[in-house]
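K.L.:
As a plain string of letters, each chain reads:
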Amino acid sequence: NAGVTQTPKFQVLKTGQSMTLQCAQDMNHEYMSWYRQDPGMGLRLIHYSVGAGITDQGEVPNGYNVSRSTTEDFPLRLLSAAPSQTSVYFCASRTRTGGETQYFGPGTRLLVL
Amino acid sequence: KQEVTQIPAALSVPEGENLVLNCSFTDSAIYNLQWFRQDPGKGLTSLLLIQSSQREQTSGRLNASLDKSSGRSTLYIAASQPGDSATYLCAVRRDTNAGKSTFGDGTTLTVKP
Chain V
1 NAGVTQTPKF
11 QVLKTGQSMT
21 LQCAQDMNHE
31 YMSWYRQDPG
41 MGLRLIHYSV
51 GAGITDQGEV
61 PNGYNVSRST
71 TEDFPLRLLS
81 AAPSQTSVYF
91 CASRTRTGGE
101 TQYFGPGTRL
111 LVL
Chain G
1 KQEVTQIPAA
11 LSVPEGENLV
21 LNCSFTDSAI
31 YNLQWFRQDP
41 GKGLTSLLLI
51 QSSQREQTSG
61 RLNASLDKSS
71 GRSTLYIAAS
81 QPGDSATYLC
91 AVRRDTNAGK
101 STFGDGTTLT
111 VKP
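Here the protein sequences line up with chains V and G, keeping their order.
The numbering used here puts the first residue of the first sequence at 1, with every later residue one more than the last.
The numbering used here puts the first residue of the second sequence at 1, with every later residue one more than the last.
Hints in this document: simulated from the structure, not taken from any laboratory.
Model, not experiment: these values are computed from the prediction.
Pairwise CB distance ranges (calculated):
no.	chain 1	residue 1	chain 2	residue 2	range
1	V	Lys9	G	Ala10	25 to 35 Å
2	G	Lys42	V	Asn62	26 to 36 Å
3	G	Gly16	V	Gln17	45 to 55 Å
4	G	Ala10	V	Arg44	16 to 26 Å
5	G	Pro40	V	Pro8	18 to 28 Å
Computed list of lysine to aspartate or glutamate pairs in EDC-like fashion (alpha-carbon distance at most 16 Å, straight line):
no.	chain 1	residue 1	chain 2	residue 2
6	G	Lys112	G	Asp84
7	G	Lys100	G	Glu3
8	G	Lys1	V	Glu59
9	G	Lys100	V	Glu59
10	G	Lys42	V	Asp38
11	G	Lys112	G	Glu15
12	G	Lys1	G	Asp27
13	G	Lys100	V	Glu100
14	G	Lys112	G	Glu17
15	G	Lys68	G	Asp27
16	G	Lys68	G	Glu3
17	G	Lys100	V	Asp56
18	G	Lys68	G	Glu56
19	G	Lys100	G	Asp27
20	G	Lys42	G	Asp84
21	G	Lys100	V	Glu30
Sample of chain G residues lacking proximity to chain V, with all beta carbon distances greater than 10 Å (derived):
no.	residue
22	Thr58
23	Arg72
24	Ser85
We treat Cβ as the ideally placed atom computed from N, Cα and C, and that holds for glycine.
Using the sequences and the hints, build the whole thing.
P.N.:
Structure below.
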């Protein structure tokens, strides 16, 4: 049981480039989400999904796209990277109902030059 | 809009001391509250989850309490050890099936040998 996995661990992009951050979980969790963590601003929700085929915006969705074609995977796409997207990105998952805890991946550190 | 505040932002204590970390939130309509630990450069690890109907949860040297009506939670760490040094975050989840979590900025704890 690997839990929540994220790739890559670290990435450097140039302004305007696009990329996809991968997230996968093997716990059959319906709910998955993406956060970014910036100094002094805590964790902020980017997008979330309550199940395959269903996604919704969080607090800071601009510049990011998501899709959820399977229960296991929830990739985050940066369409045209900007320096303001330099951050640490965390993927998390939990069951949709009940009191289950939220599990986090190890994070992807992104630097946009 | 839910706001979560953690005080103090940083705390330094000698080994063996008992300590309390505080978390306050503005909207009492919560589903649960979760305490996490984050080591430098790592993801978040769940410590304790308290349902809105519960008053406290315990795990080893950790005890978390919840007073929903006053919008406060505390994390009590007994007999602190250098290995407890980390950032501790609390997260409040809204009371819906698609409930989003709002995070505090965390308290960075240093336990000196």
